[in-house]
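Chemist: So the protein lines, in turn, are chains X and S.
Start counting the first sequence at 31; every next residue gets the next number (our numbering).
Start counting the second sequence at 9; every next residue gets the next number (our numbering).
No lab work stands behind these hints, which were simulated from the structure alone.
Note that CB positions come from ideal geometry on N, CA and C, so glycine has one too.
Heads up, some of the hints might be wrong.
[As the list claims (entries may be wrong)] A partial selection of chain S residues facing chain X, derived with a Cβ cut-off under 8 Å: (1) L164; (2) A176; (3) G220; (4) D221; (5) S225; (6) H391.
What follows is each chain in one-letter form.
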Amino acid sequence: MTTMTIAKAINEGLRATLDSNARTLLMGEDIGALGGVYRVTDGLLAEFGADRVVDTPLAESGIIGTAIGLALRGYLPVCEIQFDGFVFPGFNQITTQLAKMHARSNGNLTVPVVVRIPYGGGIGSIEHHSESPEALFAHTAGLRIITPSNAHDAYWMIQQAVECQDPVIVFEPKRRYWLKGEVDTVSPGASADPFKAHVLREGTDATVVAYGPLVPVALAAAEAAAEDGHSIEVIDLRSISPIDFDTVTASAKKTGRLVVAHEAPTFGGIGGEIAARISERAFLSLEAPVIRVGGFHMPYPVAKVEEDYLPDIDRILEALDRVLAY
Amino acid sequence: MGATHLPSTEFDETAADDQLEAEAEAQVGGPAEPMVQLLTPDGTLGTDPVFSAYADRLDPAKLRGFYADMAKIRRFDVEATALQRQGQLALWVPLTGQEAAQIGSGRASQPQDYIFPTYREHGVALTRNVDLSELLRQFRGVSNGGWNPKDTNFHLYTLVLAAQTPHAVGYAMGIQRDQKLAAAAADGATDRPAEPNAAVVVYFGDGASSEGDVHESMVFASSYNAPVVFFCQNNHWAISVPSSVQTRIPLSNRAKGYGFPGIRVDGNDVIAVHAVTEWALEHAREGKGPVLIEAFTYRVGAHTTADDPTKYRESAEEALWRAKDPLDRLEKYLRAQGLADDAFFEKVKADGDDLAAYVRKTTHDLETPDIRTAFANTYVEAHPLVAEELAWFEEYSSGFANDAEPGSTQPAGAEPDEAATGLAR
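Required output: the full structure, derived from the provided sequences and hints.
Modeler: Laid out in structure tokens, this is it:
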């Protein structure tokens, strides 16, 4: 076990995959000498050279598009998108090309491209640097989407993403990049399957499902609820596409009450998808409607008011109060 | 870079605008810029200081082959158009007029090269030995691909304009890395025969040249000196919008801005197209970087079978270009030089009719896939949502077992209904 931050864990995970497979390469803006704006790729250029740690022109469509071409030639590109809000120039390549290549080739072609996107708010940044666009990608068949919430998962998930033969988007919770945790670099243990949800805390009264940056918030809310005598189960979803509905359904059937929390706006979001599926799968076990906690239907607000926008412990507790009192 | 190329406060915008306008006007009706042409419309073979050497490599058999290919693909185009009109294809994208651009460039590629077409490159597909009936799968609505690109190094058609251009550059960047990996592996083991150098050709049109992906891919190609040939068929019309709306300068000039060679070639001159593309591919394979070729040609027919060119262009313009026909001029040359006789041209015609009959037959026989293949091909690895939806679909469709095959929208034994299969005209 080694203690490291999430950023360092991704860095080490990338180093491990570059080390083990000569066909892995990293591409992105400022990922070389600078080591990325969050230093996630720090030191990798010096270690693996400019053919494998590629500082690209400032063009997201070009990054994803050339990564597709490299994948068609047998390479395993890992693209870094600098910030969530800047993925959209590459959105066309991701949704119309990357996601569909395997299907439209009748299974003849694979494009195992990984796209890393730092996402979410809470860092007091300027416009376009705090968004959570995961639902836009989750709606697109052909893509897989995972998001680590701790250093151990971060270390293993990035490697599992590279090994996966499907395109994978890794949403990295940027405000947790400096969150430290224990990493077992020898074995993934319970994290062997990146598409499986984890029950982080067992409870009997209600379930909170969260992912990425809100997992620590959900755990803190459960702790606070415990002081009031409520036993709250907390699930780290880990994978947004596919969603491990079996784990969520089992928990919802056990507790009868479900809250889903994410930073992204609730409308048309992952929480809505979970609510719908759970109402189909566990309707007779539910004691209350599924409540979503998330961002409002507005462009991500200015940093000075993001505290009022982002779900926090109290917002999750308020939702728990509602499902418990229903 | 000379100081005269730098913008300055003395830059005369009015004069520059006048010049641009003059060039734009000139390029719509005819090329004002230097254009490589070896075979004139009247069938006379001219010379070029660089490219005649490439044309000299062509023996009579190759020249006859060019003609046979062009005639074959034109006959195929006629047949496919007819199949669409008869309701056998949902849509067809005719290439007539662009045969020289496609056959000339396609025949310049080597087997190890990789080709990224747009969606009109039926002639290039022919040169890459793609079974032409497989080309029709997409247009019949039985596949979004149709052939396995790994068999021919001819990629699937791409319908999102210019989206394939960065793929081509990435593929070329992969070739560069393969060469380095091979060199490292061969270090000390000289008994292994070296792989021939490869390059990539990517096709797009004058309309797609406005897409950002063309710009981004040219930036990447230039920055990494990627072995890629950008082959732009300027057929003058992006559906109804003339090329003068896409560019005010010859498209080949854009290469200068990226720092690699740009060549305008007479796209109706198969000998010149072949020579220029061969030169460009050698340039790329030798590690000298990308090249932009603008094949100056004309889409004689409609954009697709759903298009009506009489709404937006004069028939006089079409007549002007028919006079520059790529097949006519090569026929004149072959006959004048005594390289082909009536028997040859009759044989070409008969071969074309055979191909048409083959395509007609195979189109009728193209199998409608089972939707289960769509479930199977969405992801490479197992996916629980796909599995769940497939299981639901199986159960749902089993309820219709008495009326139809599971998964079929048709009663068993019934003729496919056009509207139900999405092939309605």
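Chemist: Next, verify each hint and record whether it holds.
Modeler: Structure-based check of each hint:
no.: 1; hint: L164; verdict: holds (6 Å)
no.: 2; hint: A176; verdict: holds (6 Å)
no.: 3; hint: G220; verdict: holds (6 Å)
no.: 4; hint: D221; verdict: holds (6 Å)
no.: 5; hint: S225; verdict: holds (6 Å)
no.: 6; hint: H391; verdict: holds (6 Å)
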